[in-house]
Amino acid sequence: MPLPAKAFQRWLHGIAPQASTADICRISGVKRTTLAQQLVRGKVAESTVVSISRAFNINPVAALAAFENYGELGGSPMLPTAAELVSQIATMDLLKAVIARSAESSRAGDADQPQPAPPLTPVPHATSVKNWVDAIDDGELRHRVSAATGIAPQNYSAQLTANRLTPELAIATAKAAGTGLTGGLVASGMITEAEAGWPRGARQAALDALSDGELAALAGDRLQSLGKTLKRQEQDHEQTKTIWENLG
Amino acid sequence: MIEILQWSTLAICCAAAVARIPSAVRGENRSLFYIFVLATLAILLSIDGPYIAIDRLLGGTNVANLILRFVIFAVIFFIGLRFIRGFGAHEARRWLLGLPGLLVFGVIAAVMVVFFIMMDSNGSSAGLVAVSQRSERNAQLVEYYGAAGRAYPAYVSLVLLPAMAKAVASRLPVLVRAGALLLAVGGVCLAVSLLFPFIPAQLQSLRFIINYGAALCFVLGLAAFWAARVRATQSNPRRSSTAK
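Same order as they appear, the protein sequences are chains A and B.
Mapping of the first sequence onto the numbering used here: residues 1 to 248, in sequence order.
Mapping of the second sequence onto the numbering used here: residues 249 to 492, in sequence order.
None of these hints come from the bench; they were simulated from the model.
Keep in mind that the hints are not guaranteed to be accurate.
Said to hold, decoys possible - Pairs of lysine to aspartate or glutamate residues, derived as DMTMM-like cross-links and limited to a Cα-Cα distance of at most 25 Å, are as follows:
#1 A/LYS228 - A/ASP93
#2 A/LYS241 - B/GLU339
#3 B/LYS414 - A/ASP93
#4 B/LYS414 - A/GLU234
#5 A/LYS231 - A/ASP208
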């Protein structure tokens with residue numbers, strides 16, 4: 001649900017009364033044509049507000065909360081669950097952790113200092129949206145989201161598969177699952193972990209807290225779905241190739 | 249109005265055939281070039297002026313109309329063939345290339361030729377309008393002959409429609425799906441053309457719109473596949489080496 005242009009102008013005036021539109025665009029990196037178009041249409045994208053608030057050192061979540069549609073974001077933030085944190089770790093990082101742990105256990109006799117873990121790839125990763133929803137899904141979540149927002153289930157799952165989630169749906173999903181409202185915004189790459197108030201190193205801590213068995217099972221699941229995706233892409237590629245050969 | 253539709257369809261077919269010459273010279277998918285050339289010929293033969301000129305050269309017995317029907321059969325057959333190969337529509341294969349497909353073709357072609365021979369076809373006339381007005385018997389023969397001529401294209405489109413619908417609903421690139429949709433619309437037009445005898449006389453222009461609409465849909469659909477390929481090879485040069 002994009003933000004009304006009027007409310008946006010009021011908000012902009014509140015944070016930068018002196019700045020012209022050109023200044024705002026220059027500082028925030030939002031394209032002038034994009035912003036002009038959004039203002040003409042009367043609907044400003046959430047990402048525009050996020051970019052501008054970052055440029056003025058305002059927390060994007062607080063900025064969004066200033067708008068009526070996103071007023072709920074103003075409440076006290078809820079910390080992400082361990083499952084949410086782990087869902088935002090890239091598949092390759094999980095696999096690296098599997099390898100690192102097995103290497104550690106084979107070196108156990110040396111009693112060396114454990115190697116510091118390599119930094120995790122920043123959120124979002126290639127399947128972060130779907131993994132996030134899976135992590136908070138109790139089996140009925142998708143159903144509740146589509147009932148609450150009116151989005152058709154197949155459109156919702158198409159967004160998840162494409163690793164996209166509109167801010168509106170991200171918040172509706174979090175609400176329906178009863179988790180922190182900003183989780184979906186992080187998973188869809190709208191805001192960063194830090195902006196959502198996730199503690200530093202929280203993902204790493206959640207990863208370290210997984211038992212070997214949990215980690216191996218999780219990495220296995222991820223690897224399996226990665227394999228499916230790659231296979232499907234290869235099939236699609238093969239099919240388009242045949243089409244080009246015969247009809248192109 | 250009808251004339252504009254006829255000549256612009258001809259122009260589009262001709263443009264597609266000409267634009268296809270460079271790739272035909274390079275040896276890429278020559279059959280597509282032939283399809284466009286045959287489609288151009290078919291459209292040319294279906295327009296009054298060129299039809300009469302060509303038919304007079306052939307002796308003025310409306311044999312050009314018979315040729316036109318077989319050219320249309322060939323175009324639709326080859327489009328079907330390329331589509332089945334391109335989209336891997338193996339269920340449709342038997343019904344086009346297998347014994348049932350050839351049987352349908354043979355029967356329809358034979359029936360059509362017999363009706364043509366039975367009628368008094370002297371005097372060039374596009375659409376056999378003058379021939380059908382000559383006598384009651386001729387009028388009926390022309391009607392049956394026309395129905396036979398529409399039957400094979402309609403048959404092929406019905407065979408292909410499920411595969412086309414599947415392609416439209418697939419995860420393929422947008423332009424490919426648009427092309428499949430255009431082919432499907434063309435196919436529906438051809439199938440609808442079977443109902444021509446039931447179209448009231450005052451809606452005769454509807455016949456033209458359906459016929460040329462089908463031709464346009466097929467040509468534009470094929471062009472869409474081609475455009476999709478050009479776009480894919482341009483945006484992804486790494487793939488161009490394999491997707492020849």
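Taking the hints in turn, this is what the structure says about them:
no.: 1; hint: A/LYS228 - A/ASP93; verdict: 19 Å, holds
no.: 2; hint: A/LYS241 - B/GLU339; verdict: 20 Å, holds
no.: 3; hint: B/LYS414 - A/ASP93; verdict: 38 Å, violated
no.: 4; hint: B/LYS414 - A/GLU234; verdict: 19 Å, holds
no.: 5; hint: A/LYS231 - A/ASP208; verdict: 31 Å, violated
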